[in-house]
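Participant: Start from the sequences and build out the full structure, keeping to the hints where you can.
2 protein chains.
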Amino acid sequence: MTESKIIYSLRKENLNNYSKTYVPSRLLLGPGPSNAHPEVLKALSLNPIGHLDDAYLELMSDVQELLRYAWQCNNRVSLPMSGTGSAAMEASIANFIEEEETILIAKKGYFGDRLVDMASRYKANVVVIEKEWGEAFSLDEIKFEIEKNKPSIFAIVHAETSTGVLQPLDGIGEICRKNNCLFLVDAVTSLGAVKLLVDDWKIDLAYSCSQKGLSCPPGLSPFTMNNRAEEKLNKRKSKVPNWYLDLSLLNKYWGSDRVYHHTAPVNMNYAIREGLRLIANEGLENIWERHLRNSEKLCNGLIELGLELHVSEEFRLPTLTTVKIPPGVDGDLFRNHLLNEYGIEIGNGLGSLSGKIWRIGLMGYNSTDKNVDRLLNLFDTELKKFSIFRSAAF
Amino acid sequence: MTESKIIYSLRKENLNNYSKTYVPSRLLLGPGPSNAHPEVLKALSLNPIGHLDDAYLELMSDVQELLRYAWQCNNRVSLPMSGTGSAAMEASIANFIEEEETILIAKKGYFGDRLVDMASRYKANVVVIEKEWGEAFSLDEIKFEIEKNKPSIFAIVHAETSTGVLQPLDGIGEICRKNNCLFLVDAVTSLGAVKLLVDDWKIDLAYSCSQKGLSCPPGLSPFTMNNRAEEKLNKRKSKVPNWYLDLSLLNKYWGSDRVYHHTAPVNMNYAIREGLRLIANEGLENIWERHLRNSEKLCNGLIELGLELHVSEEFRLPTLTTVKIPPGVDGDLFRNHLLNEYGIEIGNGLGSLSGKIWRIGLMGYNSTDKNVDRLLNLFDTELKKFSIFRSAAF
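Residue numbers (my numbering), protein chains in the order written: chain L, 6 to 399; chain Y, 6 to 399.
Do not rely on the hints blindly, as some may be mistaken.
Since the list gives no way to pick out one identical chain from another, each pair is judged satisfied if it fits inside one copy or across any two copies.
Claimed, not checked - In the DSS-like style, the derived pairs of lysine-lysine whose C-alpha atoms are separated by at most 25 Å in a straight line are: (1) 148 - 200; (2) 128 - 240; (3) 240 - 155; (4) 361 - 329; (5) 242 - 128; (6) 128 - 237; (7) 47 - 25; (8) 47 - 329; (9) 128 - 244.
If you are wondering where the hints come from, they were derived from the structure by calculation, not from laboratory data.
If you're wondering where the values come from, they're calculated on a predicted model, not measured in any experiment.
Facilitator: Right, dumping it as structure tokens:
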């Protein structure tokens with residue numbers, strides 16, 4: 006052990022130079038995370054308490070009730086899973102699909118691909134229908150494919166963060182019920198920001214994240230399921246092939262039994278309670294209206310500057326705007342300029358849209374008139390510095 | 006929609022009464038979570054930044070390097086997984102077991118059972134050897150069983166939080182190598198608190214949590230694997246049947262590629278960087294010594310008060326002491342008294358030890374001389390109030 010001891014003490018010498026943890030201040034106007042509300046950060050930094058402490062169990066009940074409001078549903082099971090958005094996405098597959106069952110996935114961006122990857126790991130019979138990145142599905146198309154493929158689950162992304170498309174959901178739930186199929190919705194970029202009515206739209210399963218509409222840091226993934234989904238879960242022939250995300254076990258901890266499953270990320274749950282409380286305080290209708298108003302102002306401003314939007318008006322997502330990088334501009338250079346000179350983050354395109362669009366997020370706490378003005382001003386004054394056609398319109 | 010709108014606005018009325026998020030102050034001397042260091046809580050409440058921001062990528066590198074020190078290893082792959090301890094536990098099974106492979110699990114408490122449950126979900130051939138809750142395995146027993154069962158993985162819990170036993174690990178690694186088997190260690194209650202030498206002890210895979218020795222809130226699970234484990238991962242015939250915990254994908258984000266996998270819980274990573282930095286600052290040898298010293302003082306003090314410890318001296322765990330509830334005392338009533346009157350949490354026994362022992366944790370930030378004194382004083386003055394034999398020795 007002598008030799009390695011020397012290695013470790015040498016290494017420790019280097020480690021002693023590490024300074025206190027610090028990160029630069031950023032205005033996060035990309036695809037997420039968004040900035041957290043200051044009250045949320047205060048709640049986050051309260052001291053941890055035990056995950057079986059009565060005070061914590063009470064906080065869990067608050068979170069569940071506040072989540073029901075945010076989801077607009079009466080589902081008993083409405084809880085945040087202990088991971089970032091993808092954890093609840095995987096839970097929605099792992100718990101509700103058994104081998105060889107058919108899942109129909111309507112893919113129109115990056116996060117549809119992720120659903121496909123996950124579903125295939127759980128050995129589902131995966132059927133995919135596709136749209137160009139920037140388009141939405143019509144109700145007729147969806148109806149046709151559900152009737153044709155007779156899936157156990159139909160999955161679609163409400164707000165595609167990779168493209169900036171808002172998929173209309175009204176009417177799909179009825180089709181799913183008629184065809185004995187569960188309706189699964191990815192609401193990662195819509196919960197707490199864009200109109201979403203889980204009960205009214207007959208959504209059976211939905212998941213989201215904490216770092217967008219809820220104005221919290223990333224780390225939790227809100228989930229909800231109704232009785233139809235619960236029934237399917239209870240009828241499983243095999244154990245859920247994922248322990249951490251097993252909803253029958255999670256249910257016993259979040260339900261009235263309060264049986265210990267895994268140690269809860271208690272501080273993140275403080276944060277989400279506060280984020281959800283602020284949402285209830287402002288009121289969902291007001292929040293939806295605020296997000297719409299600010300994104301419309303952003304879109305109009307960008308168009309006035311001579312820029313072109315990636316998504317046609319009727320399908321534009323209030324939380325995320327995709328704008329085409331003008332010819333002759335290096336998108337990465339401009340993004341880095343905004344980040345390094347002004348501390349503002351905007352996003353690059355994903356996959357085939359990389360280098361072709363920027364993604365601008367106005368989510369939760371960050372969806373403000375002031376932020377829109379600030380960004381439009383910078384696009385106005387700075388973008389021309391990055392064009393090889395310096396005299397062009399913008 | 007009219008009807009449900011009324012329901013929702015009524016519900017919102019109720020929600021408006023929710024007060025700001027608050028939790029009572031607690032001294033957490035149970036099995037975990039433990040209190041977080043104040044500097045950790047400060048780091049936790051910094052504003053989120055993007056998970057692909059250079060400043061964040063740099064912070065990730067710090068975390069990895071600091072983790073190598075805490076693990077005492079040179080493993081390239083040393084990273085915190087985005088969930089609480091059980092997430093990395095599951096990752097250790099999901100990534101390294103393929104269907105029908107044999108895993109040998111040495112079970113001597115609650116968390117051995119959890120490993121068994123997880124491994125069976127991944128369709129391993131699970132072989133279990135068992136000890137009474139409160140005992141440890143000998144090296145000879147382990148050698149015999151590995152040679153007999155020829156497993157692909159041998160798994161054992163280093164510090165059993167359910168029993169207070171510290172399992173000696175020295176020598177097991179050599180046996181595993183001779184038998185072409187991976188050595189998997191659960192270090193949930195030992196990392197950053199109890200002597201643990203991943204390289205020297207030839208541990209191939211290990212995982213832990215953030216809320217004990219690292220003095221952070223729960224929410225991350227440190228993981229490490231060496232080249233032997235990586236080789237096995239690379240030789241898998243099937244895709245890892247778990248997307249969120251897929252180490253080949255996580256590796257690309259934490260490795261030099263920095264390919265986006267899931268959105269990182271950035272604030273929890275600020276916290277763990279700070280917790281690990283404080284560990285490097287104090288020095289592991291000092292920390293191990295501090296935990297030993299304080300737990301010895303606690304054990305001696307409890308014995309002096311006439312109480313009996315559950316574990317024999319040679320196997321006592323410095324982070325968690327199990328003490329028998331004296332006859333005639335209602336363990337829950339006494340625990341609730343400490344919590345409600347003094348804000349101090351201690352733990353109940355799990356499983357068959359429920360009602361028979363208390364579990365007292367002295368972990369990370371909470372392993373102090375002052376906390377030991379405070380608790381011993383309370384045991385001295387308060388415990389007699391709960392005995393039906395009021396004149397008894399204690």
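Participant: Among all the numbered hints in the text so far, which are the ones the structure does not match?
Facilitator: Hint 8 contradicted; others consistent.
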